[in-house]
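Engineer: So the sequence lines, in the order shown, correspond to chains W, H and F. Reminder that position 71 of the first sequence reads as 71 in our numbering, one-by-one numbering, no gaps. Reminder that position 149 of the second sequence reads as 149 in our numbering, one-by-one numbering, no gaps. Reminder that position 75 of the third sequence reads as 75 in our numbering, one-by-one numbering, no gaps.
Derived from the structure by calculation, the hints contain no laboratory data. Please read all numbers here as calculations on a predicted model, not as lab measurements. Careful: at least some of the hints might be erroneous.
Looking from chain W toward chain H, a few residues come up when the C-beta cut is under 8 Å (computed) [stated by the list, open to error]:
hint	residue
1	L21
2	D23
3	P27
4	L81
5	S101
6	P110
7	F113
8	M191
9	T198
10	P208
Calculated lysine-lysine pairs in the DSS-like style (CA-CA distance at most 25 Å, straight line) [said to hold, decoys possible]:
hint	chain 1	residue 1	chain 2	residue 2
11	H	K242	W	K102
12	W	K224	F	K158
13	H	K65	H	K133
14	F	K22	W	K236
15	H	K227	W	K216
16	H	K65	W	K216
17	H	K65	W	K220
18	F	K142	W	K236
19	F	K113	F	K158
20	W	K234	F	K198
A virtual CB, placed ideally from N, CA and C, is assigned to each residue, including glycine.
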Amino acid sequence: MKKTPPERLIDENGRRIDGRLPDEMRPLRIEAGVLKNADGSAYVELGNNKVIAAAYGPREVVPRHEALPDRAVFRCRYTMLPFSVDERKSPQPSRREVELSKVIREALAPAIFLQEYPRTAIEVYINIIQADGGTRTASIIAGAVALADAGISMRDLVAAIAVGKIGDILVLDINGIEDQFGDGDMPIAMMPSRGEITLLQADGVYTPQQIEEAIKLAQKAIQKIYAEQVRALKSKYEAIKESE
Amino acid sequence: MSEERIYLPSIKRDVILASLAKGERLDGRKFDQYREIRLEKGIVGKAEGSARVYIGSTQVIAGVKLSIGNPFPDTPNEGVQIVNAELSPLASPLFEWGPPGEEDIELARVIDRGFRSARTVDLSKLVIIPGTKVWILYIDIYPLDHDGNIIDAAGLAALLALLDTKVPKTTVDNGKITVLEEKEPLPVTNHVTYVTVAKIDEYLILDPTLEEELAADAKITFGVTEKGEICAIQKSGEGSFKPEEVLKARDLAINASKQLFEAVKKTVGLADTPQQAQQA
Amino acid sequence: MPIYVKDRQIVVPGEAIGEQGKIKIEGHVFRIGKKYYSKVLGVVTINEDAKVLRVIPLKGKYFPVEGHTVIGKIIDVGFTSWDVDINSPYTAVLPVSEVTSKPVTISRTDLSKILDVGDMILAKIVSFDLNKDPVLTIKESKLGKIPRGVLVEIPPQKIPRIIGKKGSMISMIKEMLGVELIVGQNGRIVIVGEDPYKVELAVLTIRKIESEAHTTGLTDRIKKFIEERLRT
């Protein structure tokens, strides 16, 4: 099934194909503690993306010889389910999934107090149930909530959003069509309270100034995402308090 | 092949930090100084294009092979670019034998990303029969010796190999393709070089040695065009950067790229005999 | 010396707690400069009299502590020791010397006659450091094999609520339901009772305490909860 490129991605009023303005995010929904077996879990919807994350640990390292004497081993696996995209994706791990598993792990690791859990493993598994541009940012949003939900010691949560480019206009939170037919994709993850960037990638061509603008655009959105992550984590417990 | 996670003894990291605090590195370099760069192209006769790059002791070889194949369904009138990299155990005791690991795949995808974003190779000129047959361009990158900063060396080797590549001319008669003896240079226009900045505590350094890489909290690689634009970014490692540090790294990268472009230009200006090496 | 949070407030990792001053800040927190931040998804407890603020995680694995009493499950029988699951990322070891003062001939069959795979024990942690697995003992009185009962697992952070102030909660449950409760600090509770209905009610009671552990007035609510169900 070949997609025909849309005539244009931004109209004369500055509206994108889904009606958003350049600095608008898609709707975000987060629910924490959705799986019974996992130590921590989260379900995230970012626009049409549907992502579920499970955190296990700290638990024994398998295989044992991979254990580290002074910190936890942290593993992350990003998997797209075959029916999550237009053209069925083969269940075999693709090179893209391998790279994304690495960058997502490196986006979440700085937030975890790994030294507190020597000789253990902490694992985050992320399944993309439906994909529409921005799955790695939705994965990080879900992964951070799952880790916190598991009671794991962290410096901060991690929130993420992608900034794209349509012509020379920077646009926030690109969807699938904008990713495929646009002119750039820059996913950014940050520890919101610490103000530290833990993931930064880009494709497309940017002036040095545009890099700075993209980071600023992302920072605003990241604070909003953080507020939603906090709400999702606290809401389960606060509802019980209210019924006292 | 994947990179084993090796942890630098903390005493070594302290030594490196003490040196950085005094404004210099263990090998006496300044923070934004590269080691000696040596470039050679055309070293593998059987490849359509090839190059070898040394940055200090780090050594990377890249080769380009062409074959005729089908275009991607999304881009029927473009050639296909495939970048592959392997961190073979030959290059370092840190690399394990086995199928491509995450480091190999990341390296290949980052190099591919920069070239693709900047359209380094004009893929539209690699069409043989529009819509059906195109040239498949394989860029294979093999580090031979790992002493840090493989990405920058790999980027230079790949670019140089592309500049060394000759594409055979073809004639098409009733759907039958004939590959001629006559060759023409691969259309390579927008050069891209990669500059990696390593962060150790609050210090940002260019061209890290292996020890500096192991001591680093994180690294960030920028793909830079000759116009000074950014066409790829990849942060790696389990540390983090403040936004100001990212912007500072961006500037360091754009500055350093000039030196790398110069080195490439000098090398390409020479006749390509296998034994000829150009000192940067 | 500002404190930004209230008693019983839920906090997330990275959330600012305040600066230490008249009130000491303890528990799962970390400090940057003068400011303390929560390390976990947890609840703030402020003890005005003792002038201590604590951040306690709402959930988490059990981390072995020397001197703790734990309920373990035998998972492997060795030649001179047993491997014991104590609901922790660290598997514990029970050496044969910590089981009986009587000399034992070393042979695997003999060891499994004393304790076999699947047996539950009430044990004490003799030693634990981050370089080695925790070591258990069952030599003291009141420790040893737990012959029967129903096992319930809850996050170890909630065990203090099961026990209650000066044991008020656990005594109340024992009295009202006529069951015996064996409590391990590793989040495990074994309920022993003759009446299966009462045992099941005890399980439900523990689950209710688990889900409301961070609230106030819990003892009264639990009392009402048990009373209502005993009436039916």
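Engineer: Report holds or violated for the interface hint on P110(W), using the least CB-CB distance to chain H and a cut-off of 8 Å.
Structural biologist: Check passed: Cβ of P110(W) comes within 4 Å of chain H, closer than 8 Å.
Engineer: Hint L81(W) vs chain H: min CB-CB distance below 8 Å?
Structural biologist: Status violated, d = 21 Å.
Engineer: Run the distance test for K227(H) versus K216(W): straight-line Cα separation, threshold 25 Å.
Structural biologist: Satisfied, since the Cα-Cα distance of roughly 24 Å is no more than 25 Å.
Engineer: Holds or violated: are the alpha carbons of K142(F) and K236(W) at most 25 Å from each other?
Structural biologist: This hinted pair is violated, its Cα atoms lying about 39 Å apart.
Engineer: Does the structure keep K65(H) and K216(W) at a Cα separation of 25 Å or less?
Structural biologist: Violated - the C-alpha atoms of K216(W) and K65(H) are around 42 Å apart, more than 25 Å.
Engineer: Identify whether the interface hint at S101(W) stands, where standing means a beta carbon of chain H within less than 8 Å of its own.
Structural biologist: This hint holds: S101(W) lies near chain H, its Cβ roughly 7 Å from the closest one there, short of 8 Å.
Engineer: Quickly compare the C-alpha distance for K224(W) and K158(F) to 25 Å and report which way the hint goes.
Structural biologist: The given pair, whose Cα atoms are some 32 Å apart, is violated under the 25 Å limit.
Engineer: Does the closest beta carbon of chain H sit nearer than 8 Å to the beta carbon of T198(W)?
Structural biologist: holds (5 Å)
Engineer: So, as I understand it, the hint says M191(W) touches chain H; can you test that by seeing if any CB pair is closer than 8 Å?
Structural biologist: holds (7 Å)
Engineer: Quickly compare the C-alpha distance for K22(F) and K236(W) to 25 Å and report which way the hint goes.
Structural biologist: It is violated: about 32 Å lies between the C-alpha atoms, which goes past 25 Å.
Engineer: Quickly compare the C-alpha distance for K234(W) and K198(F) to 25 Å and report which way the hint goes.
Structural biologist: Measuring from Cα to Cα gives roughly 34 Å; hence the hint is violated.
Engineer: Holds or violated: K65(H) with K133(H), Cα cutoff 25 Å?
Structural biologist: Holds, at roughly 16 Å.
In summary, the structure is inconsistent with hints 1, 2, 3, 4, 7, 12, 14, 16, 17, 18, 19 and 20 from the numbered list given earlier, while agreeing with the others.
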